[in-house]
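Chemist: If you're matching them up, the sequences are chains A and B in order. Just add 66 to the spot in the first sequence (first one is 1) and you have our numbering. Just add 66 to the spot in the second sequence (first one is 1) and you have our numbering.
Just so you know, the hints here were simulated from the structure itself, not pulled from any lab data. Be aware that a few hints might be false.
No copy labels: a pair is met if it fits in one copy or bridges any two.
Below 30 Å or equal to it, Euclidean Cα-Cα: the simulated DSSO-like pairs (lysine-lysine) are [stated by the list, open to error]:
(1) 309 <-> 169
(2) 319 <-> 333
(3) 370 <-> 333
Number of protein chains: 2
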Amino acid sequence: MLPAIDAEIRAVVDSPRLTAYTGLRDILAYQLGWEGPGSGIEARGKRIRPLLVTLTAEAVGGDWQKALPAAAAVELLHNFSLIHDDIEDASLLRRGRSTVWAKWGNALAINAGDAMFALAFAALQRLEQTVGPAAAFRAGTILTDTCLQLTGGQHLDITYEDADSLPLESYWPMVTGKTAALLSACVQFGVICGGAGSPTLEILSRFGYSLGLGFQIQDDWLGIWGDESQTGKSNASDLTAGKKSLPILYGQKLGGGFAHAWLNRTKGAIDTEHLTELLVEEGVREYTETQAAQYTRDAMSALKQAGLQTDAGQALHELAASLLNRCF
Amino acid sequence: MLPAIDAEIRAVVDSPRLTAYTGLRDILAYQLGWEGPGSGIEARGKRIRPLLVTLTAEAVGGDWQKALPAAAAVELLHNFSLIHDDIEDASLLRRGRSTVWAKWGNALAINAGDAMFALAFAALQRLEQTVGPAAAFRAGTILTDTCLQLTGGQHLDITYEDADSLPLESYWPMVTGKTAALLSACVQFGVICGGAGSPTLEILSRFGYSLGLGFQIQDDWLGIWGDESQTGKSNASDLTAGKKSLPILYGQKLGGGFAHAWLNRTKGAIDTEHLTELLVEEGVREYTETQAAQYTRDAMSALKQAGLQTDAGQALHELAASLLNRCF
Numbered sequence: 067m068l069p070a071i072d073a074e075i076r077a078v079v080d081s082p083r084l085t086a087y088t089g090l091r092d093i094l095a096y097q098l099g100w101e102g103p104g105s106g107i108e109a110r111g112k113r114i115r116p117l118l119v120t121l122t123a124e125a126v127g128g129d130w131q132k133a134l135p136a137a138a139a140v141e142l143l144h145n146f147s148l149i150h151d152d153i154e155d156a157s158l159l160r161r162g163r164s165t166v167w168a169k170w171g172n173a174l175a176i177n178a179g180d181a182m183f184a185l186a187f188a189a190l191q192r193l194e195q196t197v198g199p200a201a202a203f204r205a206g207t208i209l210t211d212t213c214l215q216l217t218g219g220q221h222l223d224i225t226y227e228d229a230d231s232l233p234l235e236s237y238w239p240m241v242t243g244k245t246a247a248l249l250s251a252c253v254q255f256g257v258i259c260g261g262a263g264s265p266t267l268e269i270l271s272r273f274g275y276s277l278g279l280g281f282q283i284q285d286d287w288l289g290i291w292g293d294e295s296q297t298g299k300s301n302a303s304d305l306t307a308g309k310k311s312l313p314i315l316y317g318q319k320l321g322g323g324f325a326h327a328w329l330n331r332t333k334g335a336i337d338t339e340h341l342t343e344l345l346v347e348e349g350v351r352e353y354t355e356t357q358a359a360q361y362t363r364d365a366m367s368a369l370k371q372a373g374l375q376t377d378a379g380q381a382l383h384e385l386a387a388s389l390l391n392r393c394f
Numbered sequence: 067m068l069p070a071i072d073a074e075i076r077a078v079v080d081s082p083r084l085t086a087y088t089g090l091r092d093i094l095a096y097q098l099g100w101e102g103p104g105s106g107i108e109a110r111g112k113r114i115r116p117l118l119v120t121l122t123a124e125a126v127g128g129d130w131q132k133a134l135p136a137a138a139a140v141e142l143l144h145n146f147s148l149i150h151d152d153i154e155d156a157s158l159l160r161r162g163r164s165t166v167w168a169k170w171g172n173a174l175a176i177n178a179g180d181a182m183f184a185l186a187f188a189a190l191q192r193l194e195q196t197v198g199p200a201a202a203f204r205a206g207t208i209l210t211d212t213c214l215q216l217t218g219g220q221h222l223d224i225t226y227e228d229a230d231s232l233p234l235e236s237y238w239p240m241v242t243g244k245t246a247a248l249l250s251a252c253v254q255f256g257v258i259c260g261g262a263g264s265p266t267l268e269i270l271s272r273f274g275y276s277l278g279l280g281f282q283i284q285d286d287w288l289g290i291w292g293d294e295s296q297t298g299k300s301n302a303s304d305l306t307a308g309k310k311s312l313p314i315l316y317g318q319k320l321g322g323g324f325a326h327a328w329l330n331r332t333k334g335a336i337d338t339e340h341l342t343e344l345l346v347e348e349g350v351r352e353y354t355e356t357q358a359a360q361y362t363r364d365a366m367s368a369l370k371q372a373g374l375q376t377d378a379g380q381a382l383h384e385l386a387a388s389l390l391n392r393c394f
């Protein structure tokens, strides 16, 4: 499926409308891992989101090829958010390469992100040819709603940066918007393109949200207890950066030794080893694992409830399991 | 029509999806001139684009109220581009108030622009209720295409900034993308919502492009010879900023006294009075006026060709005339 997904994305990016503007397309091709220094398979990311679309379409009894426009759309939307997130977080590296803003500057990077955003809609509109205008229109409303959730979650994430402490409840709307909404949209697109009805849409939409939350909580776990050789980043980085991750927020809520040490930490000289130990002692690691397990169970149980007894259903199950079994 | 347009925009911005994310909506309400220091009629802009939508819908024999979702969409899209343009140009003021990035910082401003972008699509999708899903889908493809042209034109504008000299031909794709595409989209939305056929769409789409180009060329003229008390900005600013406006590019192309003085200008000590005189002497002012007059004639002739013998047709004519008769 991956070559077909890539070809579909290329067809959209190489539209005559865009190629009329020299230079802009090159930035997009760089972000997508096709061109420039370090381009190649590694630079393209795992394409998890488009695979969720096509596998779901096939799993509910449809033809995955009809879902290709939606698969391209979610990958373009994901890459739009990466370009802008990297500017907002001042990140210099992405998948081992310079970020777009680091290479072209803020102005061209913001604008290239906007073009990628528009291309996500352009990609989705090609659904008219494969599943008709009514389904294409419906998919458009889901994409729009997903964008609002993405920007809502990102807004919270940015405003949280300067907050010294936050209630645990702040965590859920942020990660629902930033991570779960798009994964759920992928599954919903798959259901719509596969021609399944509302009950399946409702069940699998829930699967998508739980998958997204379980995935994010595991990411937070890896950000403290992950194996550096596997995650590719220092497992102290979330503590150093003061990221509003689930373990850190829960540790603060407990008001024990970790919360005290966290409040009194000195920037630049954080004893991450000690903080990590406190989190384990106070049961925060266990809490995080319980939460991840809960959402993993919810996701898998929704998937089972959908009753997808096909090869694609099995492949979808395996993709979800691989996303949800990255740590413990 | 203006109160109805404002109410439609409010209905979209105050959607439950967005209000779930505290703070984000406030930034959008500020940009739209509803809230914050300096809010009010002046801060809202002239709402030219939504008026073009509703007046066109009525003028082709439709009901302007059915076009309200599209009117809201173009105003939201315009404001999205203003938020991002102000970051990209590092502009501190917009309509006499602090720009969004100057008030909230780059990260929240980029993200708020993205939310405004998504809301433009959310607004347009409400057309399903007034003109049905097929017309709503078609409008969506026009909005997407317009976004691609906008970002294409903006890409050129940013890359031109550092260029010392540019061929005159560079001007047209930039302003077509940045200004004319959206004005043409407004008119196209009006035609579609008003239920008129393809011949009218083709004629009035041309009207929109010519209107946009004529408007932009007049803007360029005002940027050098405008009355400061009317334009609200120094009439030397385009020369000081080295803006790639039509008079400056044409003056360079001539290769005469202006081109020589322009190449040898010292930043920080530009003799704008002398440069302006050279432009007049070398016929650049006259050339600019001829170009503006040409596009104004094209626009008015297309409008006449459409044969809109209604009160709204007359109002549309007056709106176009007011946009195209701002200087000479």
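Chemist: Each of the hints needs a verdict: does it hold here or not?
Modeler: Results of checking the hints against the structure:
1. 309 <-> 169: Both: 25 Å inside a chain and 24 Å across chains, each within 30 Å.
2. 319 <-> 333: within (21 Å within a copy, 56 Å between copies)
3. 370 <-> 333: Neither: 47 Å inside a copy, 69 Å across copies.
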